[in-house]
Amino acid sequence: MSKKVPAWQAVLRGLGPRGMALRIGAPVLALLISLGITMVLLRVTGADPVSSVQAMVDYGTTPNSVVDILNRATRYYLSAVAVAIGFRMALLNIGVDGQYRLAALLAAALAGALSLPAPFGQILTIVAAMVVGGLWAAIAGVLKVTRGVSEVLSTIMLNSIATGLIAYLLNPKRLAEMRPGSNNIATPQVPSSGRVGALNGALSAIGIDLPGRLYGLLPVAIVVGIVFWVVVNYTRFGFDLKVSGLAPGAAEASGVSAKKMIVVTMVTSGAIAGLIGMPELLGASYEYSLNFPAGLGFTGITVALLGRNHPLGIAFAAVLFAFLDQTSDVLQEVEVPKEIVGVMQGVVVLTVVIVYELVRRFEIRREQRAVAGELATGHDLARAGKGR
Amino acid sequence: MRRGLKVSLVALTGTALTLTAAGCGGKKAATSDQKTVKVGLAFDVGGRGDQSYNDSAARGLERVKKELKVTTEEISAKQDEPDADKESRLRLLAGKGYQMVIGIGFAYTAAVLKVAKDYPNTKFLVVDADQCKVSGANVLGACFSEEQGSYLVGAAAALKSKTGTIGFIGGVNVPLIHKFEAGYDAGAKKVKPGIKVLPGKYLTQPPNFDGFKNPALGSEAAQGQLDQGADVIYHAAGGAGLGVIKTVGAAGKWAIGVDSDQYAQPALAAVKNQILTSMVKRVDLSVYDFVKSVGDGTFKAGTKQYNLANDGVGFAVSGGHMDDIKAQLDDLKAQIVAGKIVVPTE
Amino acid sequence: MPDAAVRLTGITKRFPGVVANRDVDLTIERGEVHALCGENGAGKSTLMKILYGMQRPDEGTVEIDGEQVVLRSPADAIARGIGMVHQHFKLADNLTVLENVILGAEPRRFGRIDFAAARAAIRDMSARYGLRVDPDSLVQPLGVGDRQRVEILKVLYRGAKVLILDEPTAVLVPQEVDELFANLRELRAEGLTVLFISHKLDEVLSVADAISVIRRGTTVATRLDPAEVTARRLAELMVGSELPTPELRESTVTDEVQLDVAGLTVRTPEGRAVVDDVSLRIRRGEIVGLAGVEGNGQGELIEALMGIRPAASGTIRYGGVDVTHWPTRRRREAGIAYIPEDRHRHGLVLEAPLWENRMLGHQTERPNARGPWIDRRGARRDTARIAAEYDVRTPGIDVPAGALSGGNQQKLIVGREMSGAPKLLVAAHPTRGIDVGAQAAIWDALRAARAAGLAVLLVSADLEELIGMSDTLHVILRGRLVAEVDPRSVTPEDLGSAMTGAVS
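Chains as they are written, first to last, in our numbering: chain P, 1 to 388; chain V, 1 to 346; chain Y, 1 to 504.
Just chain P, with the same shape it has in the complex (with noise of 0.2 Å):
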């Protein structure tokens, strides 16, 4: 008999179904019920439910919308994925987002400083946040090793201490700029030679034509999805990590140093934290302000966990997510409360965990059964092997 893994456990690591049908379908089921749920929350707070939901998907449709769902589904993946690393080893890092603020200020001083020629500069400035993002996380990491401290706690803290030391370094007098009788502050502005052009060139080049900008480092984001994925599935430390999260005891017996384990992963997480203000520093605001976007790396979380900590599902929930954060407005505009969307998000995020467990359930069940039946048929691994 298994020992069961605890429900909140599975819903952490991303377990869920492994058969092929039961992966699309759950996730199919799961959007279907929470679509179901937010009508009937939209009838209840008064509105038409299908003109409003009408209403989300033709503003949401629009061009411009699309360019802005994109953009903010990088930020959003970019985060999640930060956060699912440390998910598959049930480390939860609360921290990355005070990891990708401190990286992005840090990150953003220096490339206003810098004058290299394209493409080092960039580099330099990525690299850069990843470090600084790294070393931060890393604190947690080494706090939990050295001193049992749970990194939940430190990386809350951590965070409280990344808006101090934020607040603290721009500043006119250190990392930011004098604008007179302005109400922001704000690094210097990153010379041009070391931005990041937007994708829409590339893209009407093969015939796509997207106004406004789309991120020019959205193709990072892909490639940190594919590298995590490769990682995951095909590498000994992918392996370590993963039984690491799934059974910690069985880990450190096979060899797997559980201190070397949480420090790599915190630091992996970290940096890849510190990506997640680069498409908007390099590509976007060129500068780190007050108007920065925050809160990102909470968002984050949410979008692990909806999206299994699977580099595909994570796509799929921050792209989701965006669509209905880009559409809270055009709510407003129908009368309907923005907050409606938070709910909405919660429905979706609390209907894939529930479905997805419910899920797993049922096929461990079958599986179970499926062996017994099998063995009892006489299809035997053992057997066969021995000819008999």
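Bear in mind the hints are in silico, worked out from the structure with no lab data behind them.
Be aware that one or more of the hints could be misleading.
Stated by the list, open to error - Under the rule of at most 27 Å between Cα atoms (straight-line distance), these lysine-lysine pairs were calculated in the DSSO-like manner:
| # | chain 1 | residue 1 | chain 2 | residue 2 |
| --- | --- | --- | --- | --- |
| 1 | V | Lys66 | V | Lys304 |
| 2 | V | Lys300 | V | Lys117 |
| 3 | Y | Lys200 | Y | Lys161 |
| 4 | V | Lys114 | P | Lys338 |
| 5 | V | Lys304 | V | Lys340 |
| 6 | P | Lys173 | V | Lys133 |
| 7 | P | Lys338 | V | Lys65 |
| 8 | V | Lys340 | V | Lys160 |
| 9 | V | Lys340 | V | Lys189 |
| 10 | V | Lys192 | V | Lys326 |
| 11 | P | Lys338 | V | Lys192 |
| 12 | V | Lys65 | V | Lys292 |
| 13 | V | Lys133 | V | Lys117 |
| 14 | P | Lys260 | P | Lys242 |
| 15 | P | Lys173 | V | Lys189 |
Stated by the list, open to error - A few chain P residues that don't get close to chain Y, going by computed Cβ distances all over 12 Å:
| # | residue |
| --- | --- |
| 16 | Val44 |
| 17 | Ser150 |
| 18 | Val152 |
| 19 | Tyr168 |
| 20 | Ser192 |
| 21 | Ala198 |
| 22 | Val230 |
| 23 | Val231 |
| 24 | Val243 |
| 25 | Ala247 |
| 26 | Gly249 |
| 27 | Arg365 |
| 28 | Ala370 |
Virtual Cβ for every residue (Gly too), placed ideally from N, Cα, C.
Got chain P; can you put chains V and Y on it based on the hints?
Frame of chain P, contents of chains V and Y only:
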């Protein structure tokens, strides 16, 4: 104030030439009367009901609605959003045919300038335009001299203080709020050089904008300054300031409100007699002026400074607690208007 | 005729993939000690869970005192006077005996816990049933036997008239077993009914008034009279065939020392020595057994050998090389194989497929890996080989390890650890909780590896296994090796005495 305060974005279909068929998802009376002028207003984070900055903008919109017979639309901003969100919000309104679009809060500056280029027939207003700089023939930036109004309430605080110690509580540690503090400090020291102004207390650091929203933070900070002997406390903390005023009022000391005349706010009725005055920032006026100018064809692109000279900022006298020192303050005001006193902003 | 204390009729319980109960009929009379025997996995536990309200039968009826009942939860069962003493104790270490006993059933007086009344009740029960424990002692320092008595008191305190004891002797040494049996006789004398689950036949024969045997989910014999049945007959009923015996034939011990442990001491984080100055040698081709009551430092010694726990002092030399400070992975790569005590927690990833479990502990070695990359094809092929060679009953290598039975899981682990020509095997309880067939297969594997020159450290709670499979046998007590006995001449009783420190 910063975006934690409010940004309102008013979009108005001035002459409503086009029948905006896109209209709204269902229940808007968009097509009822082609002559109706439509104004949309989108707030920054916090939105309507923050008892302060956003509500001031909302008041301007209400007045526009009543006096100029326009209909309005409001959209609130989300927390922690990047510029792209503000941009798409403006685009959403402009794209629906609103002919006036207003962004409240300096965070909208870049977004307004960008979107305005794509919608030359739409008039845009950005309140608290960053660095008081805008461009484009269809953009107006409203700027406020908060430091001047703060100077006068600072002087009032110093004159009314019995302990010789006064306090300042800012919502979030951003440059805009530093202006309030700088003016307050200078005004107090002008009338009473020996006055002790406690170091300004900022409730939160960006990007945490709770300092403009969470009254509990305000209460706590106010208690701290009361404990240090302050008997007049000025807040520039938006919604969190409600906590400041309630705590100070409950202690029987003087509170000074901000943005609107907080004496008149129902939420503060219980302690209104402890509200000495409020530094009034007429965001409502800037909204009203803008819509009116577009309506009567006198719209002028560029920036407009709201200061003591045109009563864009000032102090409230509700409750009569200022009667004895009003003359003194008016004298200071005259000197500022005349340029004899230059109020620092840092 | 008075009603039976418990009567189960036609109980059937289906689980996916595991042995279910089929048509179980069982009658337990009032005031008797009734033993239920069966192999691990025969369905004893499921049956007891049904009786204790933790599972509901798919078919069949449960009668208590002649009345048909439906037990929805343990609380229902307790209300009907049925109590269960679990194999693994559920006591709070930092509470007193008294507090543990009344926890969840506190007597109240004026809204406060009435400790005085509780203490009196416990004293009274202790005296009546001969369950000697001090109600005000902390549980922490108590030994296994005392803890078991606390568990029994807990059940009695809740008014149980029928006590279910799930393998109560598994954790006891022979002397403690005798004490337990004396307690059981007293309980019986006081009119209580005891249902005693075990697979140790001599114990069953010595204490039970009636014996029932369960095999593959169904009762194959009920209410046997211990006076008229032999251990051999019981064993045959349990397994349905002849029992395998652990034994070694001729010695294969060489004089080449593979593992040389000298003065090894392991401390808890608090500084207490749990392995205390242990020295032992294992030569190639030798199986060294380690006997001891659980919790006397065997687990810590093994973890220190595997590099999971640091040594506070002393040295571990492996093949002549000092490996004391090597990390686990380096030791495993050097050829130390490991069968952990708890295969679910330390030996397998239950959610992962068999082929990934085959890599576990060998994820840096061929055929599982090439450089930093996983060699999926190599690992999968080798998993199929292990399944065939070690008779792992599975339909394929992609099923999760959790879907296999315990014996097949263990065979996979043994097969995995025997791959890659290990030089030393550290085996903790390699045959615990698995069926007879798998047990015999694992003994075969150990004998074959020994003949091929493998050095083995064997830790087991099964004294017969230890005596039969060891070339050399050490006894560990409170972290120290207190005796070396000759496995060819020692009896389980003598070994048990040595394990408790009664003789040396």
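In rising order, the numbers of the hints this structure does not comply with: 11, 22, 23, 24, 25, 26, 27, 28
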